[in-house]
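Asks: These are the residues of each chain, in order.
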Amino acid sequence: MIRRVLFTPALVALALSTILTLPAFAAERFITVQSTTSTQNSGLFDAILLQFTAATGIAVRVIAVGTGQALKNARNGDGDVLLVHAKPAEEKFVADGFGMKRFDVMYNDFVIVGPAADPAGISGGRDAPKALTTIASKKALFASRGDDSGTHKKELGLWKAAGVDPTGASGTWYRETGSGMGATLNAAVGMAAYTLSDRATWIAYANKGDFEIHVEGDKQLFNQYGVILVNPAKHPHVKAADGQAFIDWLIGPAGQDAIAAYTVGGQQLFYPNAGGE
Amino acid sequence: MQDLSGAFAEAFRLLLDLDADLMEIVGLSLRVSLTAVVAAALIALPLGAALAVTRFPGRGAVLVTLNALMGLPPVVVGLVVYLALSRAGPLGPLGLLYTPEAMILAQMLLVIPIVAAVTRQTVEDLRAEYDEQLRVFGVGPMGMVATLLWEGRFSLLTALLAGFGRAVAEVGAVIIVGGNINHVTRVMTTAIALETSKGNLALALGLGIILLLIAVAVNAAVMTVRRTPRHAVLA
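First to last, the sequence lines map onto chains A and B. The first sequence begins at 64 in my numbering and counts up one residue at a time. The second sequence begins at 815 in my numbering and counts up one residue at a time.
Hints in this document: simulated from the structure, not taken from any laboratory. Glycine residues also receive a C-beta, built at the ideal position from the N, C-alpha and C atoms. Keep in mind that the hints are not guaranteed to be accurate.
Just so you have them, the derived chain A footprint on chain B, three or more residues with Cβ under 8 Å [claimed, not checked]: (1) 859 to 869; (2) 897 to 905; (3) 986 to 999.
Bound-form chain A, shown alone (with noise of 0.2 Å):
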């Protein structure tokens, strides 16, 4: 009797565990990409990835982070290939020796989204320092990442420009989501906060209530994204010949093509310039 109340659980567990192990996965080939929330929120890689896999044969699997945490995950060596947008920190990556060479793929833009009532009135300006500026003096909300994200970086840059340290009012009138792109753009909009969006996320995004943009084509606020091969000679598992081969085919011509080709609402989100420096 005891033999069999032992052993019932038991043989229910193996039956279990068998059936749910049996569909094993594929043993595909593929490349693990570390990038950013942007370049997957903004569907960009839903539309563009099937074509190079398509065309190589080699998937890809997109771990899409804060450009912080995505660095740090390539440092580690969790990924073949690093896809963001944050310039110094990906000149300083290759520097340290972690990646190889670092190229520029596409750029768009970041704007200063914000209520349509525009409480600290910065609608129609073309300053983006000048825009955070009044918006510290007249205490209007902020909605920051927080998060050590390419846009944070970016964000961060704008203040220093405009000469102000919203740090000391974290918790009042500036707030730091800690999020990502699009859970810090539904926090603004929640609390009708203005908030830095990358163009791209922002026009995909579909929560946007009464925002609209108010500050934009300020040269400050351009946004290049960049590639770069995780060293093997640090990291000896680096896929170093296929995530070569995602470079190449994103910084050539289809690639290119692919990433101009891609359009929301009839808006095109990304803009190709590989080969440049």
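Assemble the complex: chain A is given as a structure, and chain B must be docked to it using the hints.
Replies: This is chain B only, laid out in the frame that chain A set:
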């Protein structure tokens, strides 16, 4: 409010379509969480029962720790598993990061304390109840553990369901160790997080409704199992 009513419409539409992507995500969610619960049970049931029938110095501290671990934040477990499985970590050479297996491991760690703690309490209560009979029959410690686990099986089933609920509902751990990779490691909760960040709130909530339906289905299936005739062990 629009999003709320829209969510039900989305959930209904997704269910009617039997969208292939959705089925894949639901299948992976079930596969990961059920495997995690089964694996956790294999460890936690004997562990909890052993803690119930043994006495040793420092046992009180062990029990407090075990009970406290029920509140382990998923994101912390995810971080620890990430650091262990990362290429730079001790288990890096296994190449398990960003795979369903990594997600199973993380959820297993979340479920073990829940099942072990409830098992410990259940078996201890039953032991007090059956103490005399167990002694009369001269049952040894191993037999006692087996008998008490069997006697407590309905409570333990509830513990397993609680563990399953924890596993299938958490997002903090699987999004770090799985990476939310489309067609590879995307499960219900990470898909909901992704759709929320895209601002597709109705779709995200629709997925949430489907997740709830899955939990109801799993619990209903277990209820059916419970209804099967019970055999008296200590007759």
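Asks: Hint by hint, note whether the structure agrees.
Replies: Now the hints, each set against the structure:
no., hint, verdict
1, 859 to 869, "violated (count 1)"
2, 897 to 905, "holds (count 4)"
3, 986 to 999, "holds (count 5)"
In this structure, the one hint that does not hold is number 1.
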